[in-house]
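Same order as they appear, the protein sequences are chains A and B.
Using the working numbering, the first residue of the first sequence is number 1, and each one after it goes up by one.
Using the working numbering, the first residue of the second sequence is number 1, and each one after it goes up by one.
No lab work stands behind these hints, which were simulated from the structure alone.
Please note: incorrect hints may appear among the correct ones.
[Unchecked claim] Derived CB-CB ranges, DEER-like:
hint, chain 1, residue 1, chain 2, residue 2, range
1, A, L302, B, L76, 48 to 58 Å
2, B, E140, A, M462, 52 to 62 Å
3, B, N22, A, I257, 36 to 46 Å
4, B, F93, A, S699, 43 to 53 Å
5, A, S699, B, P144, 45 to 55 Å
6, B, P144, A, Y739, 22 to 32 Å
7, B, T80, A, N608, 27 to 37 Å
8, B, L76, A, I257, 53 to 63 Å
9, B, P144, A, I629, 37 to 47 Å
10, A, E610, B, K95, 24 to 34 Å
Predicted model, so just to flag it, every value in this text is computed and none were measured.
Glycine residues also receive a C-beta, built at the ideal position from the N, C-alpha and C atoms.
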Amino acid sequence: MKKSNIYIKRAVFKTLLILFLINGTVLQIHAQHKSRTILTGNVSDAKTGEPLIGVNILIKGTVYGTSTDENGKFKIDYLPAGTYDVEATMIGYKSQLKKGIRIRIGMVSRIEFKLQPTVLQLPALTITASKSRRLIKDTPATIDVISTKAIQSRSAMSLEEIIQNTAGIGINKGQIDLRGSTGFNWAAGSRVLLMVDGHPHISAETGGINWDSLPLEEVERIEIVKGAGSAIYGSNAMAGMINIITRDPSKNPETRIKLMWGFYDEPSYPQWRWTDRFLTYRLRELHKFDPISALSFGGIDLSHSRYIGSVGFLVTAGLKKSTGYTQNGQYIRWNITGKAKIPLPQSIKWTLSGKLTRNDRGDFLQWLSQSQPMKVPEEAIGDWVRSDKMNIHSTFKKAVNKNLAFTAKQNWYRIYWKNHFHDNKDYTIADRLGTELQADYFLGSNSLTFGTEITYHRAESMMYGNRHIYDFAIYVEDEVRFSPKWIMTLGTRYDHHTIKNISTDHQISPRIGLVFHPQEKSSIRLSAGHGFRAPSIAEVFANTTVSGFRVIPNLKLNKAERAWSFELGFRQSLALRVLPSKNFNPALMLDMALFYSRYRDMIDVDINLEEMAFQFKNLNKARNMGFEIRLTAAFFNRLLSTNIGYTYIDPINLETGKMLNYRSRHRFVSGAVLNIWRLTIGLDYRYASRIEEVVIYPSDERVPMHVVDGRIILDLQPVTISIEAKNLRNYNYTLRPRYLEPIRHFIITIRGKF
Amino acid sequence: MKKLPSYIILFFITLLACYRGNGLSPNGSDTNISGIEGIITFTGEWPDSTLEVRVAALKKYPAGITDPDSLLLFVLNAYTRGELVFSDTIPRFIKTYDYTLNLQPGKYEWIVVVWFPDIDDYLLGVKELGAYYIDPEDTESPTPVNVMPGVITKGIDITTDLENVYRDSPFF
Numbered sequence: 001m002k003k004s005n006i007y008i009k010r011a012v013f014k015t016l017l018i019l020f021l022i023n024g025t026v027l028q029i030h031a032q033h034k035s036r037t038i039l040t041g042n043v044s045d046a047k048t049g050e051p052l053i054g055v056n057i058l059i060k061g062t063v064y065g066t067s068t069d070e071n072g073k074f075k076i077d078y079l080p081a082g083t084y085d086v087e088a089t090m091i092g093y094k095s096q097l098k099k100g101i102r103i104r105i106g107m108v109s110r111i112e113f114k115l116q117p118t119v120l121q122l123p124a125l126t127i128t129a130s131k132s133r134r135l136i137k138d139t140p141a142t143i144d145v146i147s148t149k150a151i152q153s154r155s156a157m158s159l160e161e162i163i164q165n166t167a168g169i170g171i172n173k174g175q176i177d178l179r180g181s182t183g184f185n186w187a188a189g190s191r192v193l194l195m196v197d198g199h200p201h202i203s204a205e206t207g208g209i210n211w212d213s214l215p216l217e218e219v220e221r222i223e224i225v226k227g228a229g230s231a232i233y234g235s236n237a238m239a240g241m242i243n244i245i246t247r248d249p250s251k252n253p254e255t256r257i258k259l260m261w262g263f264y265d266e267p268s269y270p271q272w273r274w275t276d277r278f279l280t281y282r283l284r285e286l287h288k289f290d291p292i293s294a295l296s297f298g299g300i301d302l303s304h305s306r307y308i309g310s311v312g313f314l315v316t317a318g319l320k321k322s323t324g325y326t327q328n329g330q331y332i333r334w335n336i337t338g339k340a341k342i343p344l345p346q347s348i349k350w351t352l353s354g355k356l357t358r359n360d361r362g363d364f365l366q367w368l369s370q371s372q373p374m375k376v377p378e379e380a381i382g383d384w385v386r387s388d389k390m391n392i393h394s395t396f397k398k399a400v401n402k403n404l405a406f407t408a409k410q411n412w413y414r415i416y417w418k419n420h421f422h423d424n425k426d427y428t429i430a431d432r433l434g435t436e437l438q439a440d441y442f443l444g445s446n447s448l449t450f451g452t453e454i455t456y457h458r459a460e461s462m463m464y465g466n467r468h469i470y471d472f473a474i475y476v477e478d479e480v481r482f483s484p485k486w487i488m489t490l491g492t493r494y495d496h497h498t499i500k501n502i503s504t505d506h507q508i509s510p511r512i513g514l515v516f517h518p519q520e521k522s523s524i525r526l527s528a529g530h531g532f533r534a535p536s537i538a539e540v541f542a543n544t545t546v547s548g549f550r551v552i553p554n555l556k557l558n559k560a561e562r563a564w565s566f567e568l569g570f571r572q573s574l575a576l577r578v579l580p581s582k583n584f585n586p587a588l589m590l591d592m593a594l595f596y597s598r599y600r601d602m603i604d605v606d607i608n609l610e611e612m613a614f615q616f617k618n619l620n621k622a623r624n625m626g627f628e629i630r631l632t633a634a635f636f637n638r639l640l641s642t643n644i645g646y647t648y649i650d651p652i653n654l655e656t657g658k659m660l661n662y663r664s665r666h667r668f669v670s671g672a673v674l675n676i677w678r679l680t681i682g683l684d685y686r687y688a689s690r691i692e693e694v695v696i697y698p699s700d701e702r703v704p705m706h707v708v709d710g711r712i713i714l715d716l717q718p719v720t721i722s723i724e725a726k727n728l729r730n731y732n733y734t735l736r737p738r739y740l741e742p743i744r745h746f747i748i749t750i751r752g753k754f
Numbered sequence: 001m002k003k004l005p006s007y008i009i010l011f012f013i014t015l016l017a018c019y020r021g022n023g024l025s026p027n028g029s030d031t032n033i034s035g036i037e038g039i040i041t042f043t044g045e046w047p048d049s050t051l052e053v054r055v056a057a058l059k060k061y062p063a064g065i066t067d068p069d070s071l072l073l074f075v076l077n078a079y080t081r082g083e084l085v086f087s088d089t090i091p092r093f094i095k096t097y098d099y100t101l102n103l104q105p106g107k108y109e110w111i112v113v114v115w116f117p118d119i120d121d122y123l124l125g126v127k128e129l130g131a132y133y134i135d136p137e138d139t140e141s142p143t144p145v146n147v148m149p150g151v152i153t154k155g156i157d158i159t160t161d162l163e164n165v166y167r168d169s170p171f172f
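The following block holds chain A by itself, in its conformation from the complex:
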């Protein structure tokens, strides 16, 4: 082993330890004793007078900010004395700026905001694009935000069911395909960095995403940033980032309960029935219509939130169970989640959260045949997997003065799984430990973010052996406001990646972005960035065989895949005046983007013909280009809201000239929501064109995806009842080899908040 590697590993370990132990202390060293100031206030709807929850309060030009509680109130302590401009922003409301607010020592300053509702419900802020709070309109990237309301209006057993309704996004066996970035790689590696409250949620061994271990009931909103993000987030963020932001504990004691029950419909063809538990509608056999004993699924989630003294708590427990619609489709999973907000001395804010998940699920690798697509081969009946996951996140925040704030994060993500297959008993224990220290510095027209990050991955496994990966990074990014019309973002990150006893690699990932506002409601954005993804333990070391799928290691897979990405985008908000009443006029938001990525050493699965096995390899060169159009519209004072997104991609393997595997050239999503009285009626439609290139079974029939979901929600505060039908047309399609995607199913959900 090279001497330099040993030094680097020692340095990594020491720094990791030091940062874990003294993150809090670092913050305290910088803390300054000041006499207390208080800025407080409340925010309400200008029309109804109702308090608004979750309004972002920004002290302009400083690191300070907060959001309103369930009573519409906010409070900011220890603001240095002075005069400030304070802005309140919220999705669905016009931002309001109060200038010249004077803060004096020993005084309580109060402000009252009355926000005017807008026709279009567009988000204003993102905390994902630059690891710090930024205005979406000033960010040189395409950003989608899924709001609490949108999340709660859908009855989902996991978050992927919600995210897949976003323009340009497909999810295939848990892997996120963002604008054609990823095909189907048997869940190994992700080119989109998934985070929970800014903490990476990527498994240590596969580098993939485990959706069953993500929060669902605690989610406040989901931010999706498209485009290269390695300049600030490093590996995995080469195509984009998804940040799941969880809600904070409520000031008043609050209990929420969600009950879900659903059942699968009859398959389209009688010969596909593999059990008597499918529904029947035949008139002569009406006595057999029995949804209770049909193939079904359901779940219960119970959460409680309150403050005890100055510490806020949020605890959730959930149980979900399904028979599945196929053989081996069953699962039972439970989870316990906790989040605490703890104020520490000297106004340090500490957030500690954790989650435990257990999932026992059947394994459906591939169907028996297309004439029996819901059955597995006889020898595979009864194959199942046990998996346990645990993650702990800790975040310390400290505003040192009005210009400087520190954030220190630590996270631990542990996975254990074991196959109980007829021919495979592999198991893995994997840990991902990370720590990060970040500083945000506001000075004049500059908003500077810089920091350092250390990550350690470990896997102990039958199929990988005992493996260790060490990552170290430093990053810096600056947003410069030349004028209200011109904003530039400039940043870079250095990453050092070591696979113990195999290889060492390093990357420099610069990024530049420019935003121009020709008018108040329009913007043009331009960005160029370098992204990379280091190979995961699974991609390098996997050595296993399951039902004929033999995977062999590739110790030569020592290069990270890299890409230069470019985007040119245009965004325009428009209020049309076609009706006499101003409130009933339609409002539109149009967003268009052209994108181009050129990859080197792209990692993809391939067949090793000499060994007759699958192997992950570095392809030489590939490129992806395309465009995306999104249109959001609202009519008749929000009575009807619609959204449309179309994405065209052209991803090519430049060595073979063929399209990259498992990609759809065209994707289209649309949704319409009609609000009448206490009723909400929603309809979603997702389309993806036929997958053109595959690795195995090239002659299998493949069809485009057409999925229609419908829902009716009745809001009887504090209880909400919804009925949802998914895959309403009972359309049959595959996204991965020989796996029939879910057939039509119905869900009844009851939510209560007390």
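We have chain A; now place chain B onto it with these hints.
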């Protein structure tokens, strides 16, 4: 412009209505089969009592089992579990034959050419003609073959010895 909302609603309805069919159906093909192929070379003279010859693929090799009753039980068990697959009949009295055998993906420890005699109780007279060895000089135990999903593994060549049909087989 005044009719814009109506146009958008119409657009949705059109989108939902414009596609037909249910997608995949049982009549569709998943003919992209997995399996093995190779050349069988027959050496020696064909016995006149040859009823037929087939290629068989077994998931397990009965290593260490020599007792005929135990072997028969092993073969029957393998057959009922779907772990023994036979090819179609191979033409008789030829010197070489290009064969293809469709198999479910998986590991097959024994690829063997089986001879069936033209007698009343022909099952009792079934013999092994030869098996697949990656090194024909090393016939200590057959070479396992991994069948990949959607891939026909080529080069599974087998050399048989028709002169040894009458010897006692460790199998069948």
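Checklist entry - Can you name, in rising order, the numbers of the hints this structure does not satisfy? => result 2, 4, 5, 9
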